[in-house]
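Asks: For reference, the chains in residue letters:
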Amino acid sequence: MTDIMPPGLALKKVDERIMTLNVGPQHPGSGHMRIVVQIDGDYIVACDPDPGYVHRGEEKMAEYRNYITNVPHLERPVIHDSCNILYPYVLGAEEILGIEVPERAKYVRVICSELNRCIYTMYWLAIYGIFLGHSTMFMWPAGDRELLIDLMEKVSGARVTHAHFIPGGVRNDLPANFEDVCLRQVNYFEKRIKEYAAVFYDNPILISRTRDTGVLSRENAIRYGTTGSVLRASGVDYDLRVKAPYDVYDELDVHTNVMKEGDSYARSKVPWLDMIESCNIIRQALQKMPKSGSVRAKLKPNPKTKGPATVYKRVESGRGSLGCYIVSDGKPEPYRVKMSVPSFRNLLALPNLLIGEKLGNMPSVYWSLNYWPVEADR
Amino acid sequence: MSSNPEKPTTEAKPEEKTTPPKPAPKPAAKPEEKPVELPAFEKGILDKLVEKFGDKVEVDFVKEDRIGIKTSKDNVHDVAQFIRDDLHYDHAESVSGVDFPADNEIEVVYHLGSYTESSLAKQILTLSTRAPRESNPIPGQDSTKLPSLRDVFYSVEFGEREVFEMLGVFFDGHPDNRRLLLPEDWADLPPLRKDFAIKGR
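Each protein sequence line maps, in turn, to chains A and B. So for the first sequence, the working numbering puts the first residue at 1; every next one is plus one. So for the second sequence, the working numbering puts the first residue at 1; every next one is plus one.
Here chain A stands alone, though its shape is the one from the complex (with noise of 0.2 angstroms):
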């Protein structure tokens, strides 16, 4: 090393042994979620993700429409998720707009978000066996995913963004005959991912590469503020179905799966346990919906809010919590929407999960966090 920087540049001496290494970024088209990390040989000693930049201004633009024209463009950062990501969203918009919710709508809001959970799961799960090399586990996922896509056209029209959940309910009624069609997918979904466990969480290979790795424990999962199936695997037990129910969630009976172990066979589990209880949840819904009603309360294009207030909502997504923080000042438009992901939260883990880690682990550590990259950054 010279004496002679260039000015402004402050390099550290470095020891020799220690190598940067920028893994990612993960999507070609954007750039988002690199991380940068430190190897010393074949272990990672240092780590610092990258959130990246790919929308970076959802919630600047949610500040120039109105409480309902923002229904559309919210639901963007997690497109597989629709009806999630904007849940607490409505739900927030409807305590500041005072409007009530309709029964059916209720049902068939959670019906929504119980198949689009699935549709992100599987999506997840498919990456998940790639990342791993498992190519069976890349095809059988994508494959089985479209059921419940057609399940979701059928509702919405839409295949991704849905934008079906709006404030006071949900934009059109279930079409005629669903419930039949709703239940024979379902329990050949449920039937199908069942042999999942054979092929994948079983396999030996996948066992070797996800036990131990990557421990997560449970003080630290709650230090860190994890959220969702991270939280879950560590042994905590907490599902916002569970102990702070929304809309219908409280009428219907909710499994939280937890497992003790932390690592990442216990994360990548995790998610596909809760496929199994969201197949659950759908029949129980599907059974006790009102068999008719409105599912839309009657709203003006520009509705009147109710004056200045602050709203905190929270729902439980394929991936966590998310919570939604509204401020209102009055006007037609939010003052301030601020979105809560788990994706970011969960970010936090990701350092402390990898340092220690051997480098071939990343993938699977990674992706087991349940990360959804192009949420992270609003």
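Please keep in mind that the hints were generated in silico from the structure rather than gathered at the bench. Do not take every clue at face value.
[Said to hold, decoys possible] Have a look at the derived ranges for each label pair, beta carbon to beta carbon: (1) B:D47 - A:R211: 41 to 51 angstroms; (2) A:K306 - B:E117: 26 to 36 angstroms; (3) A:P308 - B:A197: 21 to 31 angstroms; (4) A:R211 - B:K73: 38 to 48 angstroms.
[Said to hold, decoys possible] With a straight-line cut-off of 30 angstroms between C-alpha atoms, the simulated DSSO-like cross-links for lysine-lysine are: (5) A:K60 - B:K70; (6) B:K122 - A:K260; (7) A:K154 - A:K194; (8) A:K243 - B:K70; (9) B:K43 - A:K298; (10) B:K63 - A:K304; (11) A:K304 - A:K60; (12) B:K122 - B:K52; (13) A:K306 - B:K70; (14) B:K52 - A:K306; (15) A:K154 - A:K288.
[To be verified] Covered stretches of chain B, going by a simulated chain A footprint (3 or more residues, C-beta under 8 angstroms): (16) 121 to 130; (17) 137 to 144; (18) 173 to 184.
Backbone N, C-alpha and C fix where the C-beta goes; we use that ideal spot for every residue, glycine too.
On the provided structure of chain A, position chain B as indicated by the hints.
Replies: Then chain B, alone, in the frame of chain A:
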């Protein structure tokens, strides 16, 4: 987007009394007069806070499963420590910044929850504090500063970094006050301030 939305002027009303003042309409029933039924559990948590800190904390709202308190920037660290140690809120769900150019302040709101205490599972405690706001911000170099809560709640680490770059609030005592999301060559206003306008709007 104007940086200072007009404040409601209350004083400049010329008093032109031509008609004799009407007798004040007597409200038949005053719904406001009835003491509002506060949720008991939330009231209990709130009483503990008020008992400990007196007028250092200001009650923002109390509703079902939600408590809101405001405090000044000098007390926020002590209040947070009390919330963690004595009230058993153990993590932060989100850190939000809200710009209030009319008050010349930026509010930072922490939403705190609890995983360990099962009676608090439904609760969210909203702790808010305000920092002075500069119209020509130099993020990190001006008076827009707050004490960091990172040593109390570890989970605010990325949230505070986000507020720093999106609103320019510097957190004193944060171990890692770097940019997180914006491009490295960002040289404009912090984008979530109200005077940063979207192009074409």
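Asks: Straight-line Cα separation of K43 (chain B) and K298 (chain A) no greater than 30 angstroms?
Replies: Answer violated: K43 (chain B) to K298 (chain A) is near 35 angstroms, above 30 angstroms.
Asks: Holds or violated: are the alpha carbons of K122 (chain B) and K52 (chain B) at most 30 angstroms from each other?
Replies: Roughly 23 angstroms separates the two Cα atoms, so the pair holds.
Asks: Given the proposed pairing of K243 (chain A) with K70 (chain B), does the C-alpha separation stay at or below 30 angstroms?
Replies: holds, 27 angstroms
Asks: Hint check: K304 (chain A) vs K60 (chain A), CA-CA at most 30 angstroms. Holds or violated?
Replies: This hinted pair holds, its Cα atoms lying about 21 angstroms apart.
Asks: Is the straight-line distance between the alpha-carbon of K60 (chain A) and that of K70 (chain B) 30 angstroms or less?
Replies: holds, 25 angstroms
Asks: CB of R211 (chain A) to CB of K73 (chain B), is that within 38 to 48 angstroms?
Replies: holds, 47 angstroms
Asks: So if I understand the rule, the pair passes when the alpha-carbon distance is 30 angstroms or less; does K63 (chain B) with K304 (chain A) pass?
Replies: Given pair K63 (chain B), K304 (chain A) holds - Cα atoms ~22 angstroms apart, limit 30 angstroms.
Asks: For a C-alpha distance cap of 30 angstroms, please report whether K52 (chain B) and K306 (chain A) respect it.
Replies: Answer violated: K52 (chain B) to K306 (chain A) is near 34 angstroms, above 30 angstroms.
Asks: Do D47 (chain B) and R211 (chain A) keep their Cβ atoms within the hinted range of 41 to 51 angstroms?
Replies: This hint holds: roughly 48 angstroms between Cβ atoms.
Asks: Using C-beta distances, would you say chain A covers the region 173 to 184 of chain B, given that this needs three or more residues below 8 angstroms?
Replies: Three-residue rule met by the region 173 to 184 of chain B, so holds; n is 4.
Asks: Residue count check for the region 121 to 130 of chain B against chain A: does it reach three with CB-CB under 8 angstroms?
Replies: holds (count 4)
Asks: Does the structure keep K306 (chain A) and K70 (chain B) at a Cα separation of 30 angstroms or less?
Replies: holds, 23 angstroms
The earlier numbered hints that this structure contradicts are 9, 14 and 17.
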